[in-house]
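**Student:** So you can see what is in the structure, the chains are spelled out below.
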Amino acid sequence: MKESGNKTTVALQGLHACSGCEIALIDAGQQFITFLEDFVIVHLPLLMDHKYFEVDAFKGQAHIQIPEAEIGLVSGGVANEEQEAILKKMRDSCQTLVALGTCATHGGIPALVNSWTWNESLATILSTCSTEQPASTPKDGLPRPLERVYALDEMVDIDMYVPGCPPRGEEIVQVIRALARGEDPVLPQKSVCDTCPALRKGKVATKAVKRFVENASFDPDQPLEEMRCLLEQGFMCMGPVTAAGCAGAKGPGCIVARVPCRGCFGPVKDGGNQMLDMINGLASMGVDWKSIEDRRLLLRFMGAHGLLRPASAVGDEIENE
Amino acid sequence: MNSNKAITIHPVTRIEGHATITIHLDEDGQVKEARFQITSLKGFEKFIRGRPAEEVPRIVSRICGICPWMHHIAATRAVEACFGVTPPPVAEKLRELCLLLAHVGDKILHFFFLAAPDFILGPDVDYSVRNIATIARDQPELARKVASMRRLAQKMLEDFTGRAIHPVACVIGGFSKPMTLKERDSLLSGARELLDFSLYALDFAQKKVFQAYREELATLGTITTGFLGTVDDKGLLNLYRGNLRLMKSDGTFVDFPPEKYTEYISEKTISWSYGKIPYAKAWNQGFSMDLDNPRGIYRSNTLARINVAESISTPFAQRALEEFLERFGRPAQSTLLYHWARLIELVYTCERAVEILEDPDITNQEVRVKATVGAGTGVGCLEAPRGTLIHHYTTDDRGCITKANMIVGTTHNLAPINMSVAQAAASLIGKNHQEESLVNKVEMAVRAYDP
Numbered sequence: 340m341k342e343s344g345n346k347t348t349v350a351l352q353g354l355h356a357c358s359g360c361e362i363a364l365i366d367a368g369q370q371f372i373t374f375l376e377d378f379v380i381v382h383l384p385l386l387m388d389h390k391y392f393e394v395d396a397f398k399g400q401a402h403i404q405i406p407e408a409e410i411g412l413v414s415g416g417v418a419n420e421e422q423e424a425i426l427k428k429m430r431d432s433c434q435t436l437v438a439l440g441t442c443a444t445h446g447g448i449p450a451l452v453n454s455w456t457w458n459e460s461l462a463t464i465l466s467t468c469s470t471e472q473p474a475s476t477p478k479d480g481l482p483r484p485l486e487r488v489y490a491l492d493e494m495v496d497i498d499m500y501v502p503g504c505p506p507r508g509e510e511i512v513q514v515i516r517a518l519a520r521g522e523d524p525v526l527p528q529k530s531v532c533d534t535c536p537a538l539r540k541g542k543v544a545t546k547a548v549k550r551f552v553e554n555a556s557f558d559p560d561q562p563l564e565e566m567r568c569l570l571e572q573g574f575m576c577m578g579p580v581t582a583a584g585c586a587g588a589k590g591p592g593c594i595v596a597r598v599p600c601r602g603c604f605g606p607v608k609d610g611g612n613q614m615l616d617m618i619n620g621l622a623s624m625g626v627d628w629k630s631i632e633d634r635r636l637l638l639r640f641m642g643a644h645g646l647l648r649p650a651s652a653v654g655d656e657i658e659n660e
Numbered sequence: 004m005n006s007n008k009a010i011t012i013h014p015v016t017r018i019e020g021h022a023t024i025t026i027h028l029d030e031d032g033q034v035k036e037a038r039f040q041i042t043s044l045k046g047f048e049k050f051i052r053g054r055p056a057e058e059v060p061r062i063v064s065r066i067c068g069i070c071p072w073m074h075h076i077a078a079t080r081a082v083e084a085c086f087g088v089t090p091p092p093v094a095e096k097l098r099e100l101c102l103l104l105a106h107v108g109d110k111i112l113h114f115f116f117l118a119a120p121d122f123i124l125g126p127d128v129d130y131s132v133r134n135i136a137t138i139a140r141d142q143p144e145l146a147r148k149v150a151s152m153r154r155l156a157q158k159m160l161e162d163f164t165g166r167a168i169h170p171v172a173c174v175i176g177g178f179s180k181p182m183t184l185k186e187r188d189s190l191l192s193g194a195r196e197l198l199d200f201s202l203y204a205l206d207f208a209q210k211k212v213f214q215a216y217r218e219e220l221a222t223l224g225t226i227t228t229g230f231l232g233t234v235d236d237k238g239l240l241n242l243y244r245g246n247l248r249l250m251k252s253d254g255t256f257v258d259f260p261p262e263k264y265t266e267y268i269s270e271k272t273i274s275w276s277y278g279k280i281p282y283a284k285a286w287n288q289g290f291s292m293d294l295d296n297p298r299g300i301y302r303s304n305t306l307a308r309i310n311v312a313e314s315i316s317t318p319f320a321q322r323a324l325e326e327f328l329e330r331f332g333r334p335a336q337s338t339l340l341y342h343w344a345r346l347i348e349l350v351y352t353c354e355r356a357v358e359i360l361e362d363p364d365i366t367n368q369e370v371r372v373k374a375t376v377g378a379g380t381g382v383g384c385l386e387a388p389r390g391t392l393i394h395h396y397t398t399d400d401r402g403c404i405t406k407a408n409m410i411v412g413t414t415h416n417l418a419p420i421n422m423s424v425a426q427a428a429a430s431l432i433g434k435n436h437q438e439e440s441l442v443n444k445v446e447m448a449v450r451a452y453d454p
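Top line first, the protein sequences correspond to chains A and B. Using the working numbering, the first residue of the first sequence is number 340, and each one after it goes up by one. Using the working numbering, the first residue of the second sequence is number 4, and each one after it goes up by one.
Hints listed in this document are in silico derivations from the structure and should not be mistaken for laboratory results. Among these hints, one or two may not hold up.
What the hints assert, rightly or not - Listed below are the simulated DSBU-like cross-link pairs for lysine-lysine, each with C-alpha atoms no more than 30 Å apart in a straight line:
| # | chain 1 | residue 1 | chain 2 | residue 2 |
| --- | --- | --- | --- | --- |
| 1 | A | K478 | B | K8 |
| 2 | B | K406 | A | K478 |
| 3 | A | K546 | B | K373 |
| 4 | B | K406 | A | K549 |
| 5 | A | K529 | A | K549 |
| 6 | B | K96 | A | K549 |
| 7 | B | K148 | A | K390 |
| 8 | B | K148 | A | K346 |
| 9 | A | K589 | B | K185 |
| 10 | A | K529 | B | K158 |
| 11 | A | K390 | B | K8 |
| 12 | B | K211 | A | K390 |
| 13 | B | K211 | A | K478 |
| 14 | B | K284 | B | K406 |
When you get a sec, could you build the whole thing from the sequences and use the hints?
**Tutor:** Below is the structure:
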């Protein structure tokens, strides 16, 4: 399988996502350029011209051709039959398959749509204020939508999970390099709070969660170490229930902006539920969790795996509160 | 020839989105219809409903990982209009600075990483090597330079606001943190470096790229349309805010505040794409993508902005604009001129970023006023790299979204892209082009729009 000497082959495919993961990789700058030099990229539609659907002129059917690769990365979840077919082809073509980014690992923001049926969503999209009526329903020559957005491991076996919205570019390069060396890449095991320098005193300022319509209290000329923990200032901050990995030299990305975490790296542990974990955490700190406006939004990055469902199918007590 | 022969480009590559092109040919092998199909739908207008509106700017950023800042800022402004809150002046400057830096990084990415392989390596080289990896191998100095400049623009955003991709610093009522003097100094030196690079990039493109492709520049994908873009109250180019200017192909135009967009623009739905197709309903011509007699068709993005603006407020970009106008007239219609216009905007965005950073008020610490959630409706509109971006929300008295409508940059260009594909295919088919080379030249016409 190796070509061009001993270089490892890599395939990277985006599905139901925004290309932010690929951009994070490109933004690694010099590390990205040396990555291009050290590996053979056999498939990367954002940057390369490989047309992987080969249409059979007689039957009109498309065959997907993805070259074999030692390492495959897939960003994005799965929302239609074409994406499902591409994912399965990636699984067949790649020795090691990495779920790249939170859409791939947990559904990500696009899985928020799982709270409605496809027809409910389409009806809204086709009736917005600038849309001419009567509207045509898109269907001709388009891939058939699935009823909801799936994370990759609901469809195929995944060898490695690299969450993040997006993951850090340097981290993506390090993961690929470690896999190429035959090592198991080590990702952070802790929570965002474990990487956050903000000052914690163990007491929360308010009993009700404040909406983020005013700035946190801090001295801009002082480092993060001097800023009181945003959760303790009374804002919803999902650091405690969110996997670490976003932090650069100064701290977690959102905290550097003096803005609370919203959970974009997904839960700390496999099978964790950021909504339930957050509510439990708040309750144990004596905060009235019912003061949270739109509690389901605590699952904003992990709506796949059946966690967000259309209202008709939702029966758990949190929703009925 | 098979009566239902079609050429399929699946997927279109080196573009940000996911799209397929199908070109249907008639019995004589001539182009019957070209379809640029958007093949998936995410449903943001649905799933932001019910959400606390102040959370939406950090949700809709995920519409696009290449231009998240534009969605982030437009959404923030739309929610502020719903809540009836006005951010302090310095917050507007900080947001405009972020918008400009995001434009700078985007233009470097698009021109050098996505589009340039067609020009630097040539449209006819084998598809397997026509990409940035080959440029990195053949012209390592150039590749390192553009990668480091792209990195610099993104790093400036990350150092100042914590995150370059999927930002969080624009908040309802202002900005989440002020700029310290130390940050200002570092950003200013970065912006000056980017400005130097932008002048180099424009010169490089004019001498080494466009010169060799004069014929393609004049003809490939060229169609005749109107244009839409944002201008300030004097008619000057403004990416951050202003009135919308809708220009007909004869150069006449009307200006209107973005809040009135539904009086001028309407969106058609079609059975073969998830992308809706906007057109200028205010022209009262109806809608047609007929190449010889288009009706209601306007274009957005760089060429449109350069065409609708009277002039540019910064000196280097203004000089480049004057040269452009002298050569191509106004409005210029050649599709590949989008790239040229993109590089003029690259210079403008760098110059304007330096200008904002030299404003002593930029380090003012009054960056946010407290907002009160409530019912209302509001439009946030600005110029994204791919065109005019409109976010339009309604909130209830709990400050949660009840209705949302968005027209994103590329959407405005869907009808023109279809037409450019048809034009390019019609002009190339039957002229002894290998299918692979034809396919890439059709895609070059699409890439100019940076969809």
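**Student:** Please go over all the hints and tell whether each is borne out by the structure.
**Tutor:** Okay, the hints, checked on the actual structure:
no. : hint             : in the structure
1   : A/K478 to B/K8   : holds, 20 Å
2   : B/K406 to A/K478 : holds, 25 Å
3   : A/K546 to B/K373 : holds, 20 Å
4   : B/K406 to A/K549 : holds, 24 Å
5   : A/K529 to A/K549 : holds, 26 Å
6   : B/K96 to A/K549  : holds, 27 Å
7   : B/K148 to A/K390 : holds, 29 Å
8   : B/K148 to A/K346 : holds, 24 Å
9   : A/K589 to B/K185 : holds, 15 Å
10  : A/K529 to B/K158 : holds, 26 Å
11  : A/K390 to B/K8   : holds, 19 Å
12  : B/K211 to A/K390 : holds, 29 Å
13  : B/K211 to A/K478 : violated, 44 Å
14  : B/K284 to B/K406 : holds, 23 Å
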